[in-house]
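Number of protein chains: 2
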Amino acid sequence: MTWKQIAAEKKSHQLDSVPKEWLSADLPPSEALSVIDFPGESHALSTLDVEITESSVASLLSNLASSKWSAVQVTTSFYKRAIVAQELVSFFLIGKADSPNFTDFRALDEHLQKTGQVVGALHGLPISLKDQISIKGIESTMGYVSWVGQFAEKNSVLVDILESLGAVPFVKTNICQTLMWTETFNHVFGRTTNPYNRSLTSGGSSGGEGALVALKGSPLGVGSDIGGSVRIPAGFCGVYGLRPSYNRIPYAGCVNSLEGEDSILSVLGPLSNTLDGIKTFFKAVLSKEPWQMDPMVIRKRWSEEEYRLIDHGNGEKLCFAIMWDNGVVVPHPPVRRGLEITKKALLAAGHQVIDWKPYKHAEIWKNFNRSRVSAPAIPNFENAIWNAASAEDFKVSTAPTGEPVIASMGLLQDELLSRLSPIGISAFELWKLHKIKRDLRQEYLKHWEETVSQTGTGRPVDAIISPMAPYTAPPHGMNKTAQYTMWCNLLDYPAMIIPVTKVDQALDVKQPRQQFYNVDDRENYERYDPATHENAPVSIQIVGRTMEEEAVIAMSEIVDKALRGAKSKL
Amino acid sequence: MTWKQIAAEKKSHQLDSVPKEWLSADLPPSEALSVIDFPGESHALSTLDVEITESSVASLLSNLASSKWSAVQVTTSFYKRAIVAQELVSFFLIGKADSPNFTDFRALDEHLQKTGQVVGALHGLPISLKDQISIKGIESTMGYVSWVGQFAEKNSVLVDILESLGAVPFVKTNICQTLMWTETFNHVFGRTTNPYNRSLTSGGSSGGEGALVALKGSPLGVGSDIGGSVRIPAGFCGVYGLRPSYNRIPYAGCVNSLEGEDSILSVLGPLSNTLDGIKTFFKAVLSKEPWQMDPMVIRKRWSEEEYRLIDHGNGEKLCFAIMWDNGVVVPHPPVRRGLEITKKALLAAGHQVIDWKPYKHAEIWKNFNRSRVSAPAIPNFENAIWNAASAEDFKVSTAPTGEPVIASMGLLQDELLSRLSPIGISAFELWKLHKIKRDLRQEYLKHWEETVSQTGTGRPVDAIISPMAPYTAPPHGMNKTAQYTMWCNLLDYPAMIIPVTKVDQALDVKQPRQQFYNVDDRENYERYDPATHENAPVSIQIVGRTMEEEAVIAMSEIVDKALRGAKSKL
Numbered sequence: 001m002t003w004k005q006i007a008a009e010k011k012s013h014q015l016d017s018v019p020k021e022w023l024s025a026d027l028p029p030s031e032a033l034s035v036i037d038f039p040g041e042s043h044a045l046s047t048l049d050v051e052i053t054e055s056s057v058a059s060l061l062s063n064l065a066s067s068k069w070s071a072v073q074v075t076t077s078f079y080k081r082a083i084v085a086q087e088l089v090s091f092f093l094i095g096k097a098d099s100p101n102f103t104d105f106r107a108l109d110e111h112l113q114k115t116g117q118v119v120g121a122l123h124g125l126p127i128s129l130k131d132q133i134s135i136k137g138i139e140s141t142m143g144y145v146s147w148v149g150q151f152a153e154k155n156s157v158l159v160d161i162l163e164s165l166g167a168v169p170f171v172k173t174n175i176c177q178t179l180m181w182t183e184t185f186n187h188v189f190g191r192t193t194n195p196y197n198r199s200l201t202s203g204g205s206s207g208g209e210g211a212l213v214a215l216k217g218s219p220l221g222v223g224s225d226i227g228g229s230v231r232i233p234a235g236f237c238g239v240y241g242l243r244p245s246y247n248r249i250p251y252a253g254c255v256n257s258l259e260g261e262d263s264i265l266s267v268l269g270p271l272s273n274t275l276d277g278i279k280t281f282f283k284a285v286l287s288k289e290p291w292q293m294d295p296m297v298i299r300k301r302w303s304e305e306e307y308r309l310i311d312h313g314n315g316e317k318l319c320f321a322i323m324w325d326n327g328v329v330v331p332h333p334p335v336r337r338g339l340e341i342t343k344k345a346l347l348a349a350g351h352q353v354i355d356w357k358p359y360k361h362a363e364i365w366k367n368f369n370r371s372r373v374s375a376p377a378i379p380n381f382e383n384a385i386w387n388a389a390s391a392e393d394f395k396v397s398t399a400p401t402g403e404p405v406i407a408s409m410g411l412l413q414d415e416l417l418s419r420l421s422p423i424g425i426s427a428f429e430l431w432k433l434h435k436i437k438r439d440l441r442q443e444y445l446k447h448w449e450e451t452v453s454q455t456g457t458g459r460p461v462d463a464i465i466s467p468m469a470p471y472t473a474p475p476h477g478m479n480k481t482a483q484y485t486m487w488c489n490l491l492d493y494p495a496m497i498i499p500v501t502k503v504d505q506a507l508d509v510k511q512p513r514q515q516f517y518n519v520d521d522r523e524n525y526e527r528y529d530p531a532t533h534e535n536a537p538v539s540i541q542i543v544g545r546t547m548e549e550e551a552v553i554a555m556s557e558i559v560d561k562a563l564r565g566a567k568s569k570l
Numbered sequence: 001m002t003w004k005q006i007a008a009e010k011k012s013h014q015l016d017s018v019p020k021e022w023l024s025a026d027l028p029p030s031e032a033l034s035v036i037d038f039p040g041e042s043h044a045l046s047t048l049d050v051e052i053t054e055s056s057v058a059s060l061l062s063n064l065a066s067s068k069w070s071a072v073q074v075t076t077s078f079y080k081r082a083i084v085a086q087e088l089v090s091f092f093l094i095g096k097a098d099s100p101n102f103t104d105f106r107a108l109d110e111h112l113q114k115t116g117q118v119v120g121a122l123h124g125l126p127i128s129l130k131d132q133i134s135i136k137g138i139e140s141t142m143g144y145v146s147w148v149g150q151f152a153e154k155n156s157v158l159v160d161i162l163e164s165l166g167a168v169p170f171v172k173t174n175i176c177q178t179l180m181w182t183e184t185f186n187h188v189f190g191r192t193t194n195p196y197n198r199s200l201t202s203g204g205s206s207g208g209e210g211a212l213v214a215l216k217g218s219p220l221g222v223g224s225d226i227g228g229s230v231r232i233p234a235g236f237c238g239v240y241g242l243r244p245s246y247n248r249i250p251y252a253g254c255v256n257s258l259e260g261e262d263s264i265l266s267v268l269g270p271l272s273n274t275l276d277g278i279k280t281f282f283k284a285v286l287s288k289e290p291w292q293m294d295p296m297v298i299r300k301r302w303s304e305e306e307y308r309l310i311d312h313g314n315g316e317k318l319c320f321a322i323m324w325d326n327g328v329v330v331p332h333p334p335v336r337r338g339l340e341i342t343k344k345a346l347l348a349a350g351h352q353v354i355d356w357k358p359y360k361h362a363e364i365w366k367n368f369n370r371s372r373v374s375a376p377a378i379p380n381f382e383n384a385i386w387n388a389a390s391a392e393d394f395k396v397s398t399a400p401t402g403e404p405v406i407a408s409m410g411l412l413q414d415e416l417l418s419r420l421s422p423i424g425i426s427a428f429e430l431w432k433l434h435k436i437k438r439d440l441r442q443e444y445l446k447h448w449e450e451t452v453s454q455t456g457t458g459r460p461v462d463a464i465i466s467p468m469a470p471y472t473a474p475p476h477g478m479n480k481t482a483q484y485t486m487w488c489n490l491l492d493y494p495a496m497i498i499p500v501t502k503v504d505q506a507l508d509v510k511q512p513r514q515q516f517y518n519v520d521d522r523e524n525y526e527r528y529d530p531a532t533h534e535n536a537p538v539s540i541q542i543v544g545r546t547m548e549e550e551a552v553i554a555m556s557e558i559v560d561k562a563l564r565g566a567k568s569k570l
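Residue numbers (the working numbering), protein chains in the order written: chain Z, 1 to 570; chain Y, 1 to 570.
Be aware that a few hints might be false.
Each pair may be met inside one copy or between any two copies, as identical chains are not told apart.
As the list claims (entries may be wrong) - When the alpha-carbon atoms are kept at most 27 angstroms apart in a straight line, the in silico DSS-like pairs for lysine-lysine are as follows:
1. 283 x 357
2. 432 x 395
3. 283 x 154
4. 360 x 567
5. 154 x 357
6. 343 x 360
7. 283 x 561
8. 4 x 510
9. 154 x 446
10. 357 x 10
11. 446 x 136
12. 11 x 395
13. 561 x 432
14. 395 x 446
15. 136 x 283
16. 435 x 288
17. 510 x 344
18. 154 x 435
19. 68 x 4
20. 136 x 11
21. 360 x 502
22. 432 x 344
It should be emphasised that the hints constitute simulated quantities derived from the structure, not laboratory data. Because the structure is a prediction, the values reported are computed rather than measured.
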């Protein structure tokens with residue numbers, strides 16, 4: 001069979017095992033752009049299904065614990081809604097869906113009935129997982145045709161932990177081929193679109209998660225982030241998403257791209273419709289001491305003290321710094337408006353807000369990935385950590401079937417394929433890049449510490465508030481740069497995505513601009529048209545210090561509360 | 001000038017600035033092997049000098065805090081004793097020694113007098129530092145002739161922290177050229193010998209620290225460890241030494257070899273004559289929140305709970321496992337006797353002791369460094385993490401003067417120079433090695449967890465007790481393998497060296513042996529002659545889980561107490 005035949009066969013089986021009565025008879029027409037409200041009104045869902053799927057994680061857990069709702073009921077409701085989501089945006093459906101007998105979940109109900117006790121902190125909570133997070137017996141295609149038919153022999157560590165907490169990993173979600181793009185498209189399952197506007201990308205590489213969680217087909221999803229792959233889909237799809245520091249959430253047992261690329265580590269992180277979902281996931285996973293199961297995980301328990309912001313004046317008067325732009329590419333008007341709304345809300349809530357002066361963001365980006373912009377100024381243009389051997393890595397996974405590496409997203413592939421030597425760089429060159437990276441981290445830390453003179457709190461800036469991209473979700477194939485997320489990966493800063501508003505053509509008009517940082521900045525400006533981005537979510541990113549997840553969650557709650565407070569006053 | 005002239009000139013200036021009255025008139029003859037007791041009897045030291053330099057860290061700190069001894073007095077006493085040590089074993093003397101005006105230290109006394117408060121937790125404590133740990137204005141030669149004259153422009157982060165704690169970084173100590181050997185010899189400052197038997201090596205690469213601390217020329221030293229470089233000198237010289245996990249003690253601002261080799265990280269660790277010195281250092285450095293100064297340091301405070309062994313049944317009945325040999329090279333008789341003494345002492349103290357089954361130690365060693373033994377079984381013989389680009393790295397530092405890379409220690413250099421391609425391996429090959437490394441860590445963790453079925457405590461083995469080398473200090477040039485320390489670096493296990501006894505020709509007789517694991521094992525057996533190792537310290541290594549320094553310190557105290565208890569009953 002050719003790779004096209006393998007892919008076509010796989011895709012044609014995709015919905016075969018789904019109960020036919022759960023398919024929607026009343027799907028919106030394909031030209032309907034926003035489908036975000038459709039599932040709540042779909043005839044495929046009962047009133048109870050809608051009530052359950054529109055509950056917060058906290059309320060789901062409490063109703064499950066009190067036996068108001070059974071685990072089987074909750075999982076069935078989310079599974080039904082996920083099927084609707086699949087029909088709308090093709091988030092990709094696999095997993096228990098292939099054999100939906102729900103045996104495992106019934107055991108949860110029996111346990112609760114018999115003992116009166118929940119199995120664990122996530123009792124009965126359905127959780128969706130990015131394709132690469134292995135579930136025993138379930139396929140991980142990773143978007144590669146040659147991986148079709150690779151069934152996991154055992155659970156990843158995270159799945160073992162989630163199950164021991166009583167959670168229900170129930171579907172797997174779509175990614176991009178190679179995992180190294182910021183959109184979601186591959187030759188096996190095709191493209192995942194944005195539920196707020198299907199002509200726009202859902203982001204990537206965890207775009208299946210972003211789209212599914214936004215449509216409330218899952219209360220909590222887990223993606224991975226090596227350059228923004230949790231945050232970009234979260235931001236583009238208007239949900240919350242956390243990129244934790246390296247090695248806090250166990251990654252062992254997942255399949256991956258660029259295996260052994262240890263310079264900038266991919267991390268797993270949660271997406272949810274509420275911050276309580278993010279916190280609940282993070283705290284619950286750490287409670288299982290994952291360092292006893294994955295040697296890479298840092299032995300650091302959830303710190304209630306750090307969550308109470310002992311390192312940030314107990315959260316009483318925080319000083320945030322807004323990075324309006326990164327000195328490389330200026331964000332589009334709706335992104336700026338999102339920051340302005342946030343600033344106003346925080347000031348109204350009694351916090352302080354100053355400007356963040358970006359520091360060497362072009363160099364950071366360049367160390368990571370080759371970039372047109374930074375090239376003239378920096379020698380060894382060809383060398384960057386991701387490019388060190390990625391062409392060789394991609395070839396290993398595409399060669400068996402002859403499937404081509406998709407070259408359509410601009411970010412990495414176009415240049416990589418045409419310009420990179422297929423044998424990559426030497427280990428010695430890679431060591432030099434590590435040294436540059438370490439110096440950048442050291443300098444950025446110093447830069448941050450020195451803000452103590454500007455805050456008036458006696459502390460350096462508590463958190464940076466940054467765009468998560470220089471635009472809201474763009475049309476498919478146009479997500480050109482991940483530089484607004486990548487810096488956190490290189491510096492290893494935990495970062496939370498918070499949705500703020502949506503693109504409004506009346507408010508987000510294009511302003512004349514004459515001066516540009518560089519050619520990318522000019523092109524980004526020229527591409528902007530508010531009509532194109534109609535209805536796209538506008539999000540911000542709360543950035544903290546390395547290993548400070550507890551504080552980032554707490555500060556995000558403060559920002560979120562300020563934003564909701566401001567909204568309720570409108 | 002040729003490299004020989006530069007080296008000769010530097011060396012001839014080495015003792016020039018030392019006060020002549022502090023030199024010893026009564027040095028032992030060069031054929032005297034043990035000089036360990038000489039400084040205490042030297043006419044160069046007063047009775048007070050001897051009393052001070054033979055005090056524990058705890059008692060120094062308490063007498064400094066009470067003003068019984070001034071910081072100037074304490075530093076002067078150690079400085080005088082360090083000069084004697086230099087004359088005996090050439091530990092290498094540089095630093096404040098070049099301009100011994102002690103101004104900085106006087107300020108400590110004035111502060112205490114004026115405020116009644118100590119400056120910090122290490123008030124007035126002299127600390128010796130391995131050459132690579134930068135002190136502003138002081139040279140770091142790193143054992144390379146081409147580095148002579150490179151004066152540090154600023155302190156390393158650790159030195160800033162130590163000074164803020166009131167400590168007195170007072171001398172720098174000798175290393176090996178390249179930092180990547182386990183003996184201490186370079187073209188600039190020559191060789192550091194073992195104070196217990198000067199025909200034997202002091203170990204390396206922190207051999208200057210091992211020798212100086214053993215001679216009590218410093219109460220606390222700081223070395224670095226990427227394959228055993230703290231532990232080997234500590235073990236060979238009979239002092240305590242800790243290899244902490246990656247990124248707990250700040251490394252930023254130090255100079256280094258193999259910069260950017262981030263696969264297996266070098267770490268800084270303390271050496272001292274008492275465990276209280278180790279603990280005091282560790283706790284004090286963490287109290288300054290080093291993650292605010294070095295972005296690599298993990299945000300994890302000293303945990304009093306973990307020190308009280310909450311993860312180990314509160315330390316009431318521990319289960320240790322002894323690794324008698326690693327399945328690759330069987331240790332010499334004195335090493336085995338050290339383990340037997342420890343076992344007996346622990347059983348007498350009410351703890352449990354079982355055997356540790358080594359797991360893939362040849363593969364671990366091979367992933368790190370090319371090895372004859374493991375080569376036949378494993379493909380890509382040439383590839384190993386250290387060899388990935390080390391030849392190129394060494395060349396950068398030796399090329400400017402034409403100084404040859406020293407090729408005399410067998411461990412790395414002999415093979416490296418003759419067999420390694422000067423361009424190393426590709427980044428893609430390095431990624432593959434990372435994957436092997438990660439799998440080895442995952443498997444070793446599982447192996448450890450599975451011991452829960454053998455301990456009877458309900459927990460897996462609490463700590464492994466291992467040799468730190470398959471021999472006690474060998475003659476110069478004969479330290480052939482670091483495999484008994486390297487595994488902890490690859491697996492990132494914290495490990496403490498504890499001295500147990502000394503080689504005794506009557507007890508440590510050579511036993512006949514017919515079967516060998518491999519050719520290295522046979523050669524190691526054949527080389528043993530108890531007379532050669534006369535008086536050499538015998539040490540053990542207490543190995544814990546990643547990031548569990550607090551528990552390793554606490555368990556080491558338990559082992560040490562058991563050993564001292566056993567000794568006092570003899």
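Hints and how they fare:
In this assembly of identical chains, the alpha carbons of residue 283 and residue 357 never lie at most 27 angstroms apart, being 33 angstroms within a copy and 35 angstroms across copies at closest. Proximity of residue 432 to residue 395 under the C-alpha cut-off of 27 angstroms is found in both arrangements, the shortest distances being 25 angstroms within a copy and 15 angstroms between copies. Proximity of residue 283 to residue 154 under the C-alpha cut-off of 27 angstroms is restricted to the intra-copy arrangement: shortest distance 24 angstroms within a copy versus 41 angstroms between copies. Proximity of residue 360 to residue 567 under the C-alpha cut-off of 27 angstroms is found in neither arrangement, the shortest distances being 35 angstroms within a copy and 60 angstroms between copies.
Taking the shortest alpha-carbon separations for residue 154 and residue 357, only the inter-copy value of 25 angstroms comes in at or below 27 angstroms, while the best intra-copy value is 47 angstroms. Taking CA atoms no more than 27 angstroms apart as the test, residue 343 paired with residue 360 passes inside one copy only; the shortest distance there is 24 angstroms, against 56 angstroms between copies. For a Cα distance limit of 27 angstroms, the shortest separation of residue 283 from residue 561 inside one copy, 20 angstroms, qualifies, whereas the shortest one across copies, 38 angstroms, does not. Taking the shortest Cα distances, residue 4 and residue 510 never come within 27 angstroms of each other, neither inside one copy (43 angstroms) nor across copies (70 angstroms).
Only between protomers do residue 154 and residue 446 lie at most 27 angstroms apart by alpha-carbon distance; the minimum there is 14 angstroms, versus 44 angstroms within a single protomer. Proximity of residue 357 to residue 10 under the C-alpha cut-off of 27 angstroms is found in neither arrangement, the shortest distances being 49 angstroms within a copy and 46 angstroms between copies. Within a single copy, residue 446 and residue 136 get their C-alpha atoms only as close as 45 angstroms, which misses the 27 angstroms cut-off; across copies the closest is 18 angstroms, which meets it. For a Cα distance limit of 27 angstroms, the shortest separation of residue 11 from residue 395 inside one copy, 23 angstroms, qualifies, whereas the shortest one across copies, 55 angstroms, does not.
In this assembly of identical chains, the alpha carbons of residue 561 and residue 432 never lie at most 27 angstroms apart, being 44 angstroms within a copy and 46 angstroms across copies at closest. In this assembly of identical chains, the alpha carbons of residue 395 and residue 446 never lie at most 27 angstroms apart, being 40 angstroms within a copy and 32 angstroms across copies at closest. Within a single copy, residue 136 and residue 283 get their C-alpha atoms as close as 24 angstroms, which meets the 27 angstroms cut-off; across copies the closest is 43 angstroms, which misses it. Only between protomers do residue 435 and residue 288 lie at most 27 angstroms apart by alpha-carbon distance; the minimum there is 25 angstroms, versus 35 angstroms within a single protomer.
Within a single copy, residue 510 and residue 344 get their C-alpha atoms as close as 22 angstroms, which meets the 27 angstroms cut-off; across copies the closest is 81 angstroms, which misses it. Taking identical chains as interchangeable, the C-alpha atoms of residue 154 and residue 435 lie at most 27 angstroms apart only when they sit on different chains, with a minimum of 18 angstroms there against 37 angstroms within one chain. Neither within a single protomer nor between protomers do residue 68 and residue 4 lie at most 27 angstroms apart by alpha-carbon distance, with minima of 48 angstroms and 84 angstroms respectively. For the identical chains of this complex, residue 136 and residue 11 are intra-copy neighbours only, at 21 angstroms inside a copy versus 65 angstroms across copies, given an alpha-carbon limit of 27 angstroms.
Taking the closest pair of Cα atoms, residue 360 and residue 502 never come within 27 angstroms of each other, the shortest separation being 30 angstroms inside a single copy and 56 angstroms across copies. Taking identical chains as interchangeable, the C-alpha atoms of residue 432 and residue 344 are never at most 27 angstroms apart, the minima being 43 angstroms within one chain and 50 angstroms between chains.
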